[in-house]
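For the protein sequence lines, the chains are A and B, in the order given. Residue numbers for the first sequence follow our numbering, so the first one is 1 and each next one is one higher. Residue numbers for the second sequence follow our numbering, so the first one is 1001 and each next one is one higher.
Honestly, I wouldn't trust all of these hints.
As the list claims (entries may be wrong) - 25 Å max Cα-Cα, derived SDA-like pairs, lysine to any residue:
1) A:176 <-> B:1451
2) A:342 <-> B:1086
3) B:1080 <-> A:149
4) A:176 <-> B:1030
5) B:1026 <-> A:207
6) B:1056 <-> A:170
7) B:1551 <-> B:1470
8) B:1056 <-> A:50
9) B:1184 <-> B:1122
10) B:1080 <-> A:66
11) B:1184 <-> B:1173
12) B:1086 <-> A:66
13) A:344 <-> B:1395
14) A:131 <-> A:19
15) A:176 <-> A:66
16) A:57 <-> B:1083
17) A:176 <-> B:1042
18) B:1080 <-> A:108
19) A:57 <-> B:1448
20) B:1177 <-> A:19
21) B:1175 <-> B:1100
22) B:1175 <-> A:57
23) B:1073 <-> A:178
24) A:188 <-> B:1184
25) A:176 <-> B:1083
FYI, nobody ran anything at the bench for these hints, they're computed from the structure.
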Amino acid sequence: MATQLKRTDLVFKEDMDCNALMHKVMKMGKDEFINQMMDSGLKGRGGAGFPTGLKWKIVKDSPEAVKYVVCNADEGEPGTFKDKEILDKACEKVIWGMALAAYIVGAKEGYIYLRGEYKYLSTKLKIAIDKMEQQIKALGINFTLDLVYGSGAYVCGEETSLLQSMEGRRGEPTNKPPYPGDIGYLGKPTIVNNVETFVNAMIIAEIGAQEYKKLGTKASQGSKLFSVSGDCCKEGVFELEMGMTVQQFVDEFGDGDTKAVQVGGASGFCVPRKEFAKTIIGFEGVPTGGSMKVFNSSRSMYNILENYLIFFEEESCGQCTPCRVGTQQLLKGVQAVKRKEKPKTYLDDLLRLAYTMKYASKCGLGRSVGNAFRSIIENFREEIVY
Amino acid sequence: MSMLNIIINDVPLQVEEGTSILNAAKMMNVHIPTLCHHEDLCVAGNCRICVIEVEKDPNLVAACATPVREGMKIFTNTLKIRQARKHILELLLTEHNINCIKCSHSNSCELQNLALEYRSDEEVFIDLRKMPKPDMSSFSIQKDDSKCIRCTRCVRTCAQLQGINALTMAFKGNKAKMSTFMEKPMIDVVCTNCGQCINRCPTGALTERSYIEDVWNAIYDPNKHVVVQTAPAVRVALGERFGLRAGHRVTGKMVASLRAMGFDSVLDTDWSADLTIMEEGTELLSRLKKALVDGNKSVALPMFTSCSPGWIKFMEHIFPEMLPNLSTCKSPQQMFGVLAKTYYAEKKGIDPKDIVSVSIMPCTAKKYEANRPEMRDSGFQDVDYVLTTRELASMIQQSGTNVKTFKSEPYDSIMGESSGAAVIFGATGGVMEAAIRTVYEIVTGREVPFENLRITPVRGFEGIKEASVLIENTVPEYNFLEGVELKVAIAHGLANARKLVEAIKDKKVEYHFIEVMACPGGCLGGGGQPIPTNLHIRERRADAIYNEDEKMAIRKSHENKEVTALYADFLGEPNGHLSHKLLHTYYTERNRY
């Protein structure tokens, strides 16, 4: 029954001539390339899935003179390690992708917000940046790129807190609107994109929107890097076409005893075995920033849930009530049910709370805490209670 | 500004672009509950209690933080909203120390009001209360983290209105808390004790250090003679705690209730405010003379007023190099205090060690000021206890009376007479106006050329005000000021003060005399005043202050007979030897963080 997974090899393909691609886009014209981006259907690869072409267009159309391009390399989602791989093996494409974005929207400065733990990559990055800056100058474009290091807060992967952190403030999400595309870094229109998104922009520049669209499904175009970990027969970073089912994925990567797959990390969804066949990995099913954690039947779903909740309790920025107190209540709540200090029906109270957190939290972090919670409680209730 | 069409709860409405959903709803009398929102402060949007539903948006949005869009369809009362609000309220209550009956902010607690409104009587969720001991290190401000709901109003007040950043958020997640630099105790940080954070705290996490018990004990002690002084801004705000509207003056009723409570002598800080004008005005003239006539370059000009203890501590921390520019005059409270235990004691024949000096202030910084080691020139602590307007209200309630029901009574003598110029000390620009009324008349022999003595350029709530007075036809003694344009400026709120001081340091502006009040609106918006506070309330109090001024028989400080008598019988002359000993002080450089 298993169909072969469609492997792609675009991100790490070695023969991309970035300089020539830039030249190609310059010839094509900014508007035409934005059209290509919009047409390609590329959605942000960080997980939230905002259409990249639209984001660039908003910044491009802004009348402000100063604009910025920021690469979100604060890869912090548990189970994700694909950005590290990209920056290690194909950082040139990221940097040129940023230069491309800067050229399109008219930005002169860019920053890579690098996860603190990835500091060891900075020498390599700086060499590549110097090279790119010289080459792009020869093309008549002024663009400088700098590195900024994160200090370990998970929430700084959220774009507004990332910008706050870059400005030297507390890494806390701000209210939206205004969005970074209107008021971003230092109050100027700013593109914030994931590492992989910039590479995909280069891929679109190379193969064109038509070719790009052939990959994936209607709602999830293109291919995507997946960080596969857990109880699997092979682990690592794999580039796969979007739109496969979890079943297809498990057939390829599972160890034959797969109980559940956590798609999208701690803030994503837990897919149980009975849902494998009908769940599509992509924006029409379960979206993911790339994290795929495979659990086999030896794993306790209670331990997994508790682990996620401990993570969120600590990594919430702590400013908004639903997230700061809600995460604590969810954690303490499942612990109390496990210890029989609260009745089994208390889980229903917690589920309602998880909905409130989804609706009422200030940023994406608080809104997504309930994802893992709900999908684990709803599918593995007996493991939580007993 | 273009108008947008929106629909709130099926009722169409036109509002200006940029209006928040919260304010739009307010226009049609739809009440949306808030906690982290405060009219004086920038928007935070972090308590989430104000969430509402917008058509086609799967998530709820914060009404305070979201501007309206054209065609927006807004619902403020749906099942989803109610469930979310109840949850948020319950979550806050699981963290909050709900010992409400023992909380001094019980009557002004916004969280408590909401809990009552939503009838949150059941505790669904798990108790998360951590009960750290309150920080009692400061003489002025008590910080109790167990009651904090992390709304960040205090942090925003400290940063935005005062530009101090003594309070800040620290840590993240479940450990997130309102804290100070390096979690130092309040006494050790750059806190000016202004108490603006207290006025904006929706719960009782920040309160004044209370000295109510000490004052009662003094009153009940038959061997003590307890004198009380009341600051100008108290009389226009006290009534708010007794259900009167903001700006209802209760001067005489307040005097009567103090007397009924058992204070031996009820006197007026306004009297020493007039005295301050005499001292400070003379100091200004002598500085001007030294600079203009003697050409003494070391004379520090502009001269800053020194009535506001929050402002003084601000300068000691932030601009120690500008300390010589501060007037050396003590504040009216401290002038009163030192004279109560010298002049008053002598005149009344009471041993100063038996005198307990209490002051009622709109201010929390005054508590710190009274405890400064240099404020003991009488040989004793000059002012023993400082109570805020709020504490006075509590004491009146404890005594079983209500300020409303008293008949007005006059202040006692001596040190009870005052002028209109002293009353306006309570509003921003008031010290300046009082000073100009007196200084101009001393220098020219004529009244200030303003209708009914209203020096309107120095009035109002603009952050930084400027004015100038041309001095002509002087009396012979002051002919060195002939033709001089006396330039003055006024700032209120320390963030404004910082801007002004920096402009002076950068030599972008030049003035002779500058009034600064630490609190927005001046003392009437002080940190010890009834809660809530907002621009509207402050305006009402200011109107009351200026009304009181115009109703006074004497309008100028130098015409205060009890002040004149003080100089004749005791001090000699303004800035004389004894004045310098008792009424002037010095300042100390403090840590920058």
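Verification of the supplied hints:
For a cut-off of 25 Å, the pair hint linking residue 176 (chain A) to residue 1451 (chain B) is broken: about 51 Å separates their Cα positions. Restraint check: the Cα-Cα separation between residue 342 (chain A) and residue 1086 (chain B) comes to about 21 Å, which is no more than 25 Å; the hinted pair holds. As the CA atoms of residue 1080 (chain B) and residue 149 (chain A) are separated by approximately 40 Å, the hinted pair breaks the 25 Å bound. This hinted pair checks out: residue 176 (chain A) and residue 1030 (chain B) have alpha carbons roughly 23 Å apart, not beyond 25 Å.
Straight-line distance between C-alpha atoms of residue 1026 (chain B) and residue 207 (chain A) comes to about 54 Å, which puts the hinted pair past the 25 Å bound. Restraint check: the Cα-Cα separation between residue 1056 (chain B) and residue 170 (chain A) comes to about 32 Å, which exceeds 25 Å; the hinted pair is violated. Restraint check for residue 1551 (chain B) and residue 1470 (chain B): not satisfied, since their Cα atoms lie roughly 28 Å apart, outside the 25 Å limit. Only pairs whose Cα atoms come within 25 Å are accepted, and residue 1056 (chain B) paired with residue 50 (chain A) is accepted, the gap being roughly 17 Å.
At most 25 Å may separate the alpha-carbon atoms for a hinted pair to count; residue 1184 (chain B) and residue 1122 (chain B) exceed this at roughly 37 Å. Straight-line distance between C-alpha atoms of residue 1080 (chain B) and residue 66 (chain A) comes to about 42 Å, which puts the hinted pair past the 25 Å bound. Restraint check: the Cα-Cα separation between residue 1184 (chain B) and residue 1173 (chain B) comes to about 21 Å, which is no more than 25 Å; the hinted pair holds. Proposed proximity of residue 1086 (chain B) and residue 66 (chain A) is contradicted: the alpha carbons are some 44 Å apart, above 25 Å.
Between residue 344 (chain A) and residue 1395 (chain B) the alpha-carbon distance is near 51 Å, which puts this suggested pair outside the 25 Å criterion. Distance hint between residue 131 (chain A) and residue 19 (chain A) is fulfilled; the C-alpha atoms sit about 11 Å from each other, no more than 25 Å. For the hint linking residue 176 (chain A) to residue 66 (chain A), the alpha-carbon distance of about 21 Å falls within 25 Å, and the restraint holds. A C-alpha spacing of about 38 Å is found between residue 57 (chain A) and residue 1083 (chain B), which places the hinted pair above 25 Å, so the restraint is violated.
Restraint check: the Cα-Cα separation between residue 176 (chain A) and residue 1042 (chain B) comes to about 15 Å, which is no more than 25 Å; the hinted pair holds. With a CA separation close to 45 Å, the supplied pair residue 1080 (chain B) and residue 108 (chain A) exceeds the 25 Å bound. Our distance criterion of 25 Å between C-alpha atoms is broken by residue 57 (chain A) and residue 1448 (chain B), whose separation comes to about 63 Å. Pair hint residue 1177 (chain B) plus residue 19 (chain A) does not hold up; C-alpha atoms about 50 Å apart against a cutoff of 25 Å.
A distance of roughly 23 Å separates the Cα atoms of residue 1175 (chain B) and residue 1100 (chain B); the hinted pair therefore holds under the 25 Å criterion. Simply put, residue 1175 (chain B) and residue 57 (chain A) have alpha-carbon atoms about 40 Å apart, too far for the 25 Å limit, and the pair is violated. Annotation: proposed proximity of residue 1073 (chain B) to residue 178 (chain A) holds, straight-line Cα distance about 19 Å (limit 25 Å). A distance of roughly 36 Å separates the Cα atoms of residue 188 (chain A) and residue 1184 (chain B); the hinted pair therefore is violated under the 25 Å criterion.
Between residue 176 (chain A) and residue 1083 (chain B), the direct Cα distance comes to roughly 23 Å. Compliance with the 25 Å bound is thereby established for this hinted pair.
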